[in-house]
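Here's the letter readout for the chains.
2 protein chains.
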Amino acid sequence: MSQDLQYIRLEDAKRLAIDLLRAAGLSEGHAEAIAKSVVSAQRDECYSHGLWRLLGCVATVRKGKVDPKAVPTIDASAPGIVKVDAKFGYSLLAFREGLPELIAKASHLGIAAMAINHCYHFSALWPEVEEIAEAGLVGLAMTPSHSWVAPAGGKKPVFGTNPIAFGWPRVGPHPFVFDFATSAAARGEIELHRRAGKPIPLGWAIDSDGKDTADAAKAMEGAMLTFGGHKGSALSAMIELMAGPLIADMTSAESMAFDDGAGVAPCHGELILALDPKVFLGGAMEEHMRRAEDMFDAITGQGARLPSQRRYDARARNESLGVPVQTTLLDELRALLASLA
Amino acid sequence: MSQDLQYIRLEDAKRLAIDLLRAAGLSEGHAEAIAKSVVSAQRDECYSHGLWRLLGCVATVRKGKVDPKAVPTIDASAPGIVKVDAKFGYSLLAFREGLPELIAKASHLGIAAMAINHCYHFSALWPEVEEIAEAGLVGLAMTPSHSWVAPAGGKKPVFGTNPIAFGWPRVGPHPFVFDFATSAAARGEIELHRRAGKPIPLGWAIDSDGKDTADAAKAMEGAMLTFGGHKGSALSAMIELMAGPLIADMTSAESMAFDDGAGVAPCHGELILALDPKVFLGGAMEEHMRRAEDMFDAITGQGARLPSQRRYDARARNESLGVPVQTTLLDELRALLASLA
Numbered sequence: 189m190s191q192d193l194q195y196i197r198l199e200d201a202k203r204l205a206i207d208l209l210r211a212a213g214l215s216e217g218h219a220e221a222i223a224k225s226v227v228s229a230q231r232d233e234c235y236s237h238g239l240w241r242l243l244g245c246v247a248t249v250r251k252g253k254v255d256p257k258a259v260p261t262i263d264a265s266a267p268g269i270v271k272v273d274a275k276f277g278y279s280l281l282a283f284r285e286g287l288p289e290l291i292a293k294a295s296h297l298g299i300a301a302m303a304i305n306h307c308y309h310f311s312a313l314w315p316e317v318e319e320i321a322e323a324g325l326v327g328l329a330m331t332p333s334h335s336w337v338a339p340a341g342g343k344k345p346v347f348g349t350n351p352i353a354f355g356w357p358r359v360g361p362h363p364f365v366f367d368f369a370t371s372a373a374a375r376g377e378i379e380l381h382r383r384a385g386k387p388i389p390l391g392w393a394i395d396s397d398g399k400d401t402a403d404a405a406k407a408m409e410g411a412m413l414t415f416g417g418h419k420g421s422a423l424s425a426m427i428e429l430m431a432g433p434l435i436a437d438m439t440s441a442e443s444m445a446f447d448d449g450a451g452v453a454p455c456h457g458e459l460i461l462a463l464d465p466k467v468f469l470g471g472a473m474e475e476h477m478r479r480a481e482d483m484f485d486a487i488t489g490q491g492a493r494l495p496s497q498r499r500y501d502a503r504a505r506n507e508s509l510g511v512p513v514q515t516t517l518l519d520e521l522r523a524l525l526a527s528l529a
Numbered sequence: 189m190s191q192d193l194q195y196i197r198l199e200d201a202k203r204l205a206i207d208l209l210r211a212a213g214l215s216e217g218h219a220e221a222i223a224k225s226v227v228s229a230q231r232d233e234c235y236s237h238g239l240w241r242l243l244g245c246v247a248t249v250r251k252g253k254v255d256p257k258a259v260p261t262i263d264a265s266a267p268g269i270v271k272v273d274a275k276f277g278y279s280l281l282a283f284r285e286g287l288p289e290l291i292a293k294a295s296h297l298g299i300a301a302m303a304i305n306h307c308y309h310f311s312a313l314w315p316e317v318e319e320i321a322e323a324g325l326v327g328l329a330m331t332p333s334h335s336w337v338a339p340a341g342g343k344k345p346v347f348g349t350n351p352i353a354f355g356w357p358r359v360g361p362h363p364f365v366f367d368f369a370t371s372a373a374a375r376g377e378i379e380l381h382r383r384a385g386k387p388i389p390l391g392w393a394i395d396s397d398g399k400d401t402a403d404a405a406k407a408m409e410g411a412m413l414t415f416g417g418h419k420g421s422a423l424s425a426m427i428e429l430m431a432g433p434l435i436a437d438m439t440s441a442e443s444m445a446f447d448d449g450a451g452v453a454p455c456h457g458e459l460i461l462a463l464d465p466k467v468f469l470g471g472a473m474e475e476h477m478r479r480a481e482d483m484f485d486a487i488t489g490q491g492a493r494l495p496s497q498r499r500y501d502a503r504a505r506n507e508s509l510g511v512p513v514q515t516t517l518l519d520e521l522r523a524l525l526a527s528l529a
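Residue numbers (the numbering used here), protein chains in the order written: chain A, 189 to 529; chain B, 189 to 529.
Since the hints were made in silico from the structure, they are not lab data. Possibly wrong hints are sitting among the right ones.
The list treats identical chains as one, so a pair stands whether inside a single copy or across any two.
[Unchecked claim] Think about it this way: if two alpha-carbon atoms lie no more than 20 Å apart in a straight line, the pair counts; the simulated SDA-like pairs of lysine to any residue are:
| id | residue 1 | residue 2 |
| --- | --- | --- |
| 1 | K275 | H476 |
| 2 | K466 | P267 |
| 3 | K386 | R505 |
| 4 | K343 | R203 |
| 5 | K251 | A529 |
| 6 | K253 | T516 |
If you're wondering where the values come from, they're calculated on a predicted model, not measured in any experiment.
Required output: the full structure, derived from the provided sequences and hints.
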């Protein structure tokens, strides 16, 4: 794929994304929030959540499932909770609108939660926890998705791919950030293997009889597995509960039923926790955050990589080059824009 | 092991534990808090955290590392945080003393955190999150330990076995609870293989050159691995940070250095979060908690087991039988008590 990459300026990538989303009928706020997320991912060479997502974004609007002009409302009446109702629009504007209140509450109390409800979700969680960490707070975010993943010991799907992301503020240029799915692999990865007629590694999925399978087509009909056996399965259940019933929103199974075969971005909730080291540590903050750096040094000092290092390296590399975009994708996006204009 | 089990009454198990701890010099509060935890584990046939731990508990006191009469102090001045200073005593009394304030804060704010500092820690986390869930709240607990575990891609230990536990209140008799180490296996498990001269499964540990090993002795000299590859490693780093520097306490590496070869229970901090569904959900709580039950039903309905089911089954079985104790352990504990009296 790398041979047909073009580099375009960050502003141009953002402009293209915004123009496309506006042409598809999204409000300015939604278009800007989505463009920011997908362009950040593209810049970091995190292509699975990059500009490519705009195609699904537009398709979901066309299918009439998402409200492209939804105006999120905020309920901050519970002292430690910000409830943002996305009103069946995309999640990213809701996140942007609720974030200042989440930070304000966490900065006062030490810890606070933001529940985003009724949102269509397709974006990576790392840009969100990165933003929280850049504001000096610790962030933890999680969402369900659609029920494709079997619980440990089972053979029928119950869980979503249920990502969890964490951000930790650092004195250096970049926060410590991770963001991973609790499924063993991404669903798109299995689909790519199916299309290519290639076997998938054992441990990714089971067939509809509950047997381990290397057959990607059988895997798509069966169930995906969680990472890390029963531990990953337990973690996935926690995400279902905390970012589902606890915040009055759908589990992955309910979200899949709500989709009703449309195959668009899943509609559900998202839970984000923020903890403020300034409140936990007071005047001793600098000393203690320094000890976190000692731990990072112990990891990188032995040649191991921190979770987001690959993205940060790509970001640094592309600062002068621009945003790398696959030529075919760029053509497709431009053609789509032309067809909508 | 099962053939030499004796069943003793719950009160007798608790009496034995309290007498032993009191004879070893622990204050009444510490003795009661510890007895409650280890007897609960023994009753649930969770032997690794059962009465056997009393031996290590007494040994740690004898080595002069722990203060057996430490009186925890509570600082609840930050609105969303309860800080409990265990004063270099065991953790369980500190947990017990801080818990009412944690629940009070979470019930008011919706979410709150409890940081326990300067505690010696040897107990399972599930009794703590189970207690939070029995009070109707969602609980999440985590601690570092001693640095035995290498980060993904590395070969030298940085992380502890870093357990994480979660509790969710249910309408039925038992909450949904999980508690797992983020290491691939327990350190004690590797040590048992070494003593028995048996190979360990690949994926548990690496030798001191960073190579996969099935040799338990080489594993003990090398480093343990996290569960679930880079995802488990990321999670373990999160636990180090949140239950370490964020709460002004030691990382696993610092705790190991503090131990200075004594080989006693690790001294560090613990972070516990509590979230109150009543605040998140208000009058709609029952309806939403019912949806969580639908998810549990989807798991158990296909024959898969919920994380704590084995413990709950044992608990039910032993309600009439009593607490099962290995005869040799019972003899050892009684002999130790006689020697201390």
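Report task. Check K275 against H476 for me: Cα-Cα at most 20 Å, and say if that holds within a copy, between copies, both or neither. Result -> Classified as between: cross-chain Cα gap 19 Å, same-chain 41 Å, threshold 20 Å.
Query raised in the report: Within a copy, between copies, both or neither: where do K466 and P267 come within 20 Å Cα-Cα?
Result: The answer is both: 19 Å in one copy and 13 Å across copies each meet 20 Å.
Requested in this report: Evaluate K343 and R203 at a C-alpha cut-off of 20 Å and name the case that applies: within, between, both or neither.
Outcome: neither (45 Å within a copy, 45 Å between copies)
Query raised in the report: Under a CA distance limit of 20 Å, which applies to K253 and T516: within one copy, between copies, both, or neither?
Result: neither (27 Å within a copy, 65 Å between copies)
Query raised in the report: Should K386 paired with R505 be assigned to within, between, both, or neither, using CA atoms and 20 Å as the limit?
Result: neither (32 Å within a copy, 49 Å between copies)
Query raised in the report: Given identical chains, is K251 near A529, meaning Cα to Cα at most 20 Å, within a copy, between copies, both, or neither?
Result: Intra 18 Å, inter 78 Å, cutoff 20 Å: intra-copy only.
When the structure is compared with the earlier hints, violations turn up for hints 3, 4 and 6 and for no others.
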